[in-house]
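**Q** Chains P and Y, in that order, give the protein sequences.
Our numbering applies: residue 1 is where the first sequence begins, and numbers increase by one.
Our numbering applies: residue 1001 is where the second sequence begins, and numbers increase by one.
There are no misleading hints in this set.
Beta-carbon label-pair distances, calculated as ranges:
id: 1; chain 1: P; residue 1: Glu56; chain 2: Y; residue 2: Gly1235; range: 48 to 58 Å
id: 2; chain 1: Y; residue 1: Gly1011; chain 2: P; residue 2: Pro41; range: 29 to 39 Å
id: 3; chain 1: P; residue 1: Arg86; chain 2: Y; residue 2: Pro1046; range: 46 to 56 Å
id: 4; chain 1: Y; residue 1: Ala1005; chain 2: P; residue 2: Pro41; range: 21 to 31 Å
id: 5; chain 1: Y; residue 1: Arg1248; chain 2: P; residue 2: Gln40; range: 13 to 23 Å
id: 6; chain 1: Y; residue 1: Arg1190; chain 2: P; residue 2: Ser164; range: 38 to 48 Å
id: 7; chain 1: Y; residue 1: Glu1006; chain 2: P; residue 2: Thr48; range: 30 to 40 Å
id: 8; chain 1: P; residue 1: Gln40; chain 2: Y; residue 2: Arg1084; range: 27 to 37 Å
id: 9; chain 1: Y; residue 1: Thr1220; chain 2: P; residue 2: Ala101; range: 46 to 56 Å
id: 10; chain 1: Y; residue 1: Ala1103; chain 2: P; residue 2: Thr48; range: 51 to 61 Å
Short, incomplete list of chain Y residues facing chain P, as computed with Cβ under 8 Å:
id: 11; residue: Pro1209
id: 12; residue: Asp1240
id: 13; residue: Val1246
id: 14; residue: Arg1252
Derived, one-sided and incomplete: chain P residues facing chain Y with beta-carbon distance under 7 Å:
id: 15; residue: Arg11
id: 16; residue: Pro13
id: 17; residue: Leu14
id: 18; residue: Val35
id: 19; residue: Glu37
What the hints contain is simulated information worked out from the structure, not anything from laboratory work.
Cβ atoms here follow ideal geometry from the backbone N, Cα and C, with glycine treated the same way.
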Amino acid sequence: MAKVELLSKERAPLLARPYYERGDPGPIAAALATVPELMQPMLALIDTVFGPTSVEPRHKEIVILRVSSANGCRYCTDLHTKVARRMGFAPDELAALRGEAAPPQRWSAKERALHAFSEALAKEPGEAVELLRAHVSEPEIVELVALGSTTALLNCFATALELSG
Amino acid sequence: MTAIAEAVAGGLIGGRLWLYANYHCNLTCAYCLTESGPTVPRRELPLHRLPEITEEARAMGFTAIGVTGGEPFLVRGLPNALDRMAAILPTLVLSNGTFFGRALLSQLAPLGGRDFKVQISLDSAEPAANDEMRGPRNFAKVVEAIPRLIALGIGVRIATTTEGLEPAALERLCDLHRSLGIPDADHVVRPIVRRGRAVDMGLGVEAGPADLPAELTISTDGAFWSPFGPTVHGGRLDTDLLLTRVTRPLTRPAAALLEVAGAGSSRPGPEQPRIC
Ligand code: SF4
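Here chain P stands alone, though its shape is the one from the complex (with noise of 0.2 Å):
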């Protein structure tokens, strides 16, 4: 049970009835509707972030799914995880990703080091962009660190008001 109302859409405000067209925006789109006014700006951003970049989509899953379970975040791990699988993860992989076994021997180097960089993003922010940057570009790094920052703030704000699939 969520620490705030979720807005239904017979409840959602002007700005927020877009998002509901389509049906059940999900428990942060419905957490955020009672603000209306930061549901563009944050949306905007996770859709941005989240979505097509110039960093390939499985890299960006590693990120973002061991940066969720590395903030000990219940929602965005459980979430993740199915979108993982989705993706094509293997069980090794995503037992990895959880934070639960090695990246299997069969990474590649970048891939580690992706790995790592999430670890390290979500414990010692300091220390993650020395782990990436023998195997990305400045840009990418850039994106990355934004990639991993905002999965880490969807953590936050998930695992505060406690939402749940």
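Dock chain Y with the ligand against chain P, hints included.
**A** For chain Y with the ligand alone, kept in the frame of chain P given last:
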């Protein structure tokens, strides 16, 4: 010309900005939009915000202010705030008309002859029919209050909220307000809106944003599409007509109002002051 002034001039939004001074009331009317009553939690806009918002509203291009509640005159110090507001923009305050005793009238005296009016609810020329909805002795207090306000030089409007008055009953009500010195132009008749307590009583007509003119309304809970927005049902604020929680600076909710009105939800119509 500001964006608001343009939207007002073009009929996209109403020129009057509404302020919910409070949510509590000495009455418990059967159709009250805000489920107001003597025992509801005291939630008010801070008094200093009323003239402050009025000043912002004037600078942005709004043309008038409406103050409603709850019963606004339960807010201590309101006459003083109204005095400052009326110096900035034409000001209308909605009241149930039950507090105009000697003390309040003397506080309102400086507003005589100014661009200031009081709108008082009166639903029937028959005391019993009026009091059935609005509480015991309400009729008597209202017809006593009106001449006292007029004697001070304060303009009075009458608002009648009804499920549908028979023509003869309406005629008797109009005879009454004329006899009290209120012209027909200052008598507003409007239907009960099915929000707040009216939902539980099975009264009134449904009204969504497409039915309600866009009139920026500020309460302690945020900014709303219309004075019919910050209603309360089952003790819980209705959020369907909420625009923003932020009200300061006023440019933020005003931009949201323009965004929604511009998107085509607005159906401009005559000014529809809320029930009080
Ligand atoms: S309708 Fe007006 S007078 Fe009646 S209870 Fe509500 S706020 Fe008070």
